[in-house]
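Enquirer: The primary structure of each chain is shown beneath.
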Amino acid sequence: MKTPVISAWFGRGTLVAPPDIASATLRSDRFRLEREGDWRRLEAIVARMERGGLKRISDEDLLALPALYRIAASSLAVARETSLDAATLAYLEALVQRAWFQVYGPRRGFAAWLRGFLLGGWSRAVREMWLDLCIALFVMVAGSIVGWLLVARDEAWYYRLVPGGLADTRVPGASREDLLATLGTEESAVGLSSFAAQLFSNNSAVCILSFALGFAFGIPSLMLLVHNMAVLGALVWLFAGQGLGTELAAWLSVHGTTEIFGILLSGAAGLHIGRSMAFPGPRPVLAAAAEAGQRGAVVMVGVVIMMVIAALLEAFPRQLVEGTAPRFLIGGTMLAFWLAYFFLYRPREAGGEEP
Amino acid sequence: MNAGVTAGKLRRVRPRGTSRADEKRRRELVTPEGLTLPITIASRGSRAGALIIDFLIIVFGLVAFHLLLFWIAGGLLDGTPLDVDTAPTGAREFLQILLVIFVFVTWYGYFLVQELGPRGATLGKRLVGIRIAARSGGRLTPEAVIARNLIRDIELFYPLVFLIVILAMNTLGEDMGPLAWAATAWFALFLLLPFFNRDALRAGDIVAGTWVIEMPRTKLAETLSTQGAAAAEGTSAVTGVRYEFGEAELSVYGEKELQTLERMLRESPDDALTAVHATICRKIGWEPGAGDERAFLEAFYAQLRAKLEGDLRFGKRKADKHS
Numbered sequence: 001m002k003t004p005v006i007s008a009w010f011g012r013g014t015l016v017a018p019p020d021i022a023s024a025t026l027r028s029d030r031f032r033l034e035r036e037g038d039w040r041r042l043e044a045i046v047a048r049m050e051r052g053g054l055k056r057i058s059d060e061d062l063l064a065l066p067a068l069y070r071i072a073a074s075s076l077a078v079a080r081e082t083s084l085d086a087a088t089l090a091y092l093e094a095l096v097q098r099a100w101f102q103v104y105g106p107r108r109g110f111a112a113w114l115r116g117f118l119l120g121g122w123s124r125a126v127r128e129m130w131l132d133l134c135i136a137l138f139v140m141v142a143g144s145i146v147g148w149l150l151v152a153r154d155e156a157w158y159y160r161l162v163p164g165g166l167a168d169t170r171v172p173g174a175s176r177e178d179l180l181a182t183l184g185t186e187e188s189a190v191g192l193s194s195f196a197a198q199l200f201s202n203n204s205a206v207c208i209l210s211f212a213l214g215f216a217f218g219i220p221s222l223m224l225l226v227h228n229m230a231v232l233g234a235l236v237w238l239f240a241g242q243g244l245g246t247e248l249a250a251w252l253s254v255h256g257t258t259e260i261f262g263i264l265l266s267g268a269a270g271l272h273i274g275r276s277m278a279f280p281g282p283r284p285v286l287a288a289a290a291e292a293g294q295r296g297a298v299v300m301v302g303v304v305i306m307m308v309i310a311a312l313l314e315a316f317p318r319q320l321v322e323g324t325a326p327r328f329l330i331g332g333t334m335l336a337f338w339l340a341y342f343f344l345y346r347p348r349e350a351g352g353e354e355p
Numbered sequence: 356m357n358a359g360v361t362a363g364k365l366r367r368v369r370p371r372g373t374s375r376a377d378e379k380r381r382r383e384l385v386t387p388e389g390l391t392l393p394i395t396i397a398s399r400g401s402r403a404g405a406l407i408i409d410f411l412i413i414v415f416g417l418v419a420f421h422l423l424l425f426w427i428a429g430g431l432l433d434g435t436p437l438d439v440d441t442a443p444t445g446a447r448e449f450l451q452i453l454l455v456i457f458v459f460v461t462w463y464g465y466f467l468v469q470e471l472g473p474r475g476a477t478l479g480k481r482l483v484g485i486r487i488a489a490r491s492g493g494r495l496t497p498e499a500v501i502a503r504n505l506i507r508d509i510e511l512f513y514p515l516v517f518l519i520v521i522l523a524m525n526t527l528g529e530d531m532g533p534l535a536w537a538a539t540a541w542f543a544l545f546l547l548l549p550f551f552n553r554d555a556l557r558a559g560d561i562v563a564g565t566w567v568i569e570m571p572r573t574k575l576a577e578t579l580s581t582q583g584a585a586a587a588e589g590t591s592a593v594t595g596v597r598y599e600f601g602e603a604e605l606s607v608y609g610e611k612e613l614q615t616l617e618r619m620l621r622e623s624p625d626d627a628l629t630a631v632h633a634t635i636c637r638k639i640g641w642e643p644g645a646g647d648e649r650a651f652l653e654a655f656y657a658q659l660r661a662k663l664e665g666d667l668r669f670g671k672r673k674a675d676k677h678s
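Read top to bottom, the protein sequences are chains A and B.
Residue numbering for the first sequence follows the working numbering, beginning at 1 and increasing consecutively.
Residue numbering for the second sequence follows the working numbering, beginning at 356 and increasing consecutively.
Extracted from the complex, chain A is given alone in its bound form:
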């Protein structure tokens, strides 16, 4: 009387008609046989939902789903008090659990979630971690000042901070012309799009790392921020020494306003998790961590989008647009856009998910 396990691999087996209700000698079995049809229908609907979403389900079945779920749930409640048939109880428990995941599962598809995210969800999540943003900003400013001071005191620090591959001709003692040349533009757009793709992949990975490290009370996130900004500080020192500070700022601002903002956000998101775990307040630590983690995840999806934009800006306008003023214009516009989007754009929260 063993059910062959292998049949589970080939979808539904042939359905055997249930025995006649009157033939059951036990009251609990008669109870079961009367409701079995509804349970099996619910099981079929749930199985189809698990396989392929809602599209393949007829309207009739979809309307019946909540009622069938409640029938199964109340059957389980009754069966627990009246039936000692362990197999039926186990089946009902599994069925109600599976149906519960579908009935109370996420009703919003990814597209709907993305719309809600772009139209308010993202900027709300950013505003909700304002304190961490302030801390991260402070740390970043401090980091770049530290970078500047270190290099100003001892040039050897420059080689420690700035990785060799990145710097090429940008080393202490380089002439003004050499430095200016690194800020120049490319002749044509050839090769820049793959450069952009590389930049995006690399920068996003760094941001995700900075977020993920926040788990350890946020300290590694801050260290990562300090290190990144110290490199920047060292570069600024180098160029400012040759009177090229403004040119460098313009060159950086094209993509930097987006990219550094993105790094700021991911560091703040990591710090947010770490801070809420260290100081959970009246909530349990795990609940606080989960709440902060989900908010951080929203911000991180946004950061990935920002990194796409930053990589495009870095590869094309920065390498093709020359002149300090146009570069500042692009960078400033982006910065103004992000600030407005995060802090001025405050649509009212929609009524939330429908039940």
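One thing to keep in mind: the hints can contain errors.
From chain A, some residues computed to sit far from chain B (all C-beta separations above 10 Å) [to be verified]: (1) Leu131; (2) Leu244; (3) Ile260; (4) Pro347.
Incomplete in silico selection of chain B near chain A, CB under 8 Å [stated by the list, open to error]: (5) Pro393; (6) Arg474; (7) Pro497; (8) Glu498; (9) Ala502; (10) Ile561; (11) Thr573; (12) Glu617; (13) Arg621; (14) Arg660; (15) Ala661; (16) Glu664; (17) Leu667; (18) Arg668.
Simulated from the structure, these hints should not be mistaken for lab results.
Ideal Cβ placement from N, Cα and C applies to all residues, glycine included.
Fit chain B to the known structure of chain A by using the hints.
Expert: Positioned in the frame of chain A, the structure of chain B alone reads:
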């Protein structure tokens, strides 16, 4: 957000008649209807298995994609009289971008898309029969799925890469210094986190508020009271004897024994029933016969269940033979 309806409650379950390791993984979920549902935390072994399957799928997928791209790009080069370095840059560049973006999307998208689906599980998880769920008992939100998957990098892949680097350095005989050991300890902490808490939560689960549970797949078994001697009021089809048990004989056993008997009747072959038959006969003071064990047990099962269920309706429960 309909908090009153969606927010279920979870609490620890009193152990029931299962093995000790299984009991430790049992939890209870209260649905919005007020119904308690037993759920089982996925074992660490099955989670590791699922991860390895997923990882293999990703790696093989990426390798296959790389080979395909090289095959296409190779074709591009063959068709032109040019050197590799000066090959048509547009097409090659396009393929390069495709590669970078494909790797990125696969790495992060594979888990995200599948866990956001209606099954809440990746291919590997489905194969071992587990899924993710919200720890609060509420809905599984996209935010939670994103959060738990972003953390995976630092708790798993970076430590693994790091360990490989250390091993390589060791074989080359290079000195690692204390920093490397500190980093190893730090990564090991993340990697081993699931072993330090009851719910086998990894760092990503903690941050996202999720956990991984087993996905039950139980088929509806047949009704026992409609077949064999149970349906014929205790009459055996083999011998025609009618088994009937009195009040005293039926009050020897409780629910636990009844359900053990049920499992035997459903799953065991006939010859395994002989021992059960003999035990029950001895217990109720009957002389055990031979050849008609199944009919005897079916009749005994049906009548014992009828009695216990009858008592149940009057609010009397007999958990096992000792009570």
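Enquirer: Next step is simple, just say for each hint if it's right about the structure.
Expert: So, going through the hints one by one against the coordinates:
With a least CB separation of 19 Å from chain B, A:Leu131 remains clear of the 10 Å interface cut-off, as annotated. Distance to chain B confirms A:Leu244 as a non-interface residue, since its nearest Cβ pair spans about 31 Å, more than 10 Å. Residue-level check passed: A:Ile260 sits 20 Å from the nearest beta carbon of chain B, beyond 10 Å. Remark: the non-interface label on A:Pro347 is consistent with the geometry, its nearest Cβ contact in chain B lying 17 Å away (cut-off 10 Å).
For B:Pro393, the interface hint holds, since its Cβ comes within 8 Å of a Cβ in chain A; the closest pair sits about 6 Å apart. Interface restraint check for B:Arg474: the shortest CB-CB distance to chain A comes to about 5 Å, inside 8 Å, so the restraint holds. Because the smallest distance between the Cβ of B:Pro497 and any Cβ of chain A comes to about 5 Å, under 8 Å, the interface hint for this residue holds. Look at B:Glu498: its Cβ gets to within about 4 Å of chain A, closer than 8 Å, so that hint holds up.
At its closest, the beta carbon of B:Ala502 sits 4 Å from a beta carbon of chain A; the interface hint therefore holds under the 8 Å criterion. About 5 Å separates the beta-carbon of B:Ile561 from the nearest beta-carbon of chain A, less than 8 Å, and the hint is met. Interface restraint check: B:Thr573 against chain A, minimum CB-CB distance 4 Å, threshold 8 Å, status holds. Nearest Cβ of chain A to the Cβ of B:Glu617: about 6 Å, under the 8 Å cut. The hint holds.
For B:Arg621, the suggested interface contact is upheld, since its CB lies about 5 Å from the closest CB of chain A, less than 8 Å. Taking 8 Å as the C-beta contact cut-off toward chain A, the hint placing B:Arg660 at the interface holds, the least distance being around 5 Å. The closest approach between the C-beta of B:Ala661 and any C-beta of chain A is roughly 6 Å, which is under the 8 Å cut-off, so the hint is satisfied. Satisfaction of the interface hint for B:Glu664 is found here, the shortest Cβ-Cβ separation to chain A being roughly 5 Å, below the 8 Å cut-off.
A least Cβ separation of about 6 Å between B:Leu667 and chain A falls short of the 8 Å threshold, and the interface hint therefore holds. With a least beta-carbon distance of about 6 Å to chain A, the hint placing B:Arg668 at the interface is held under the 8 Å criterion.
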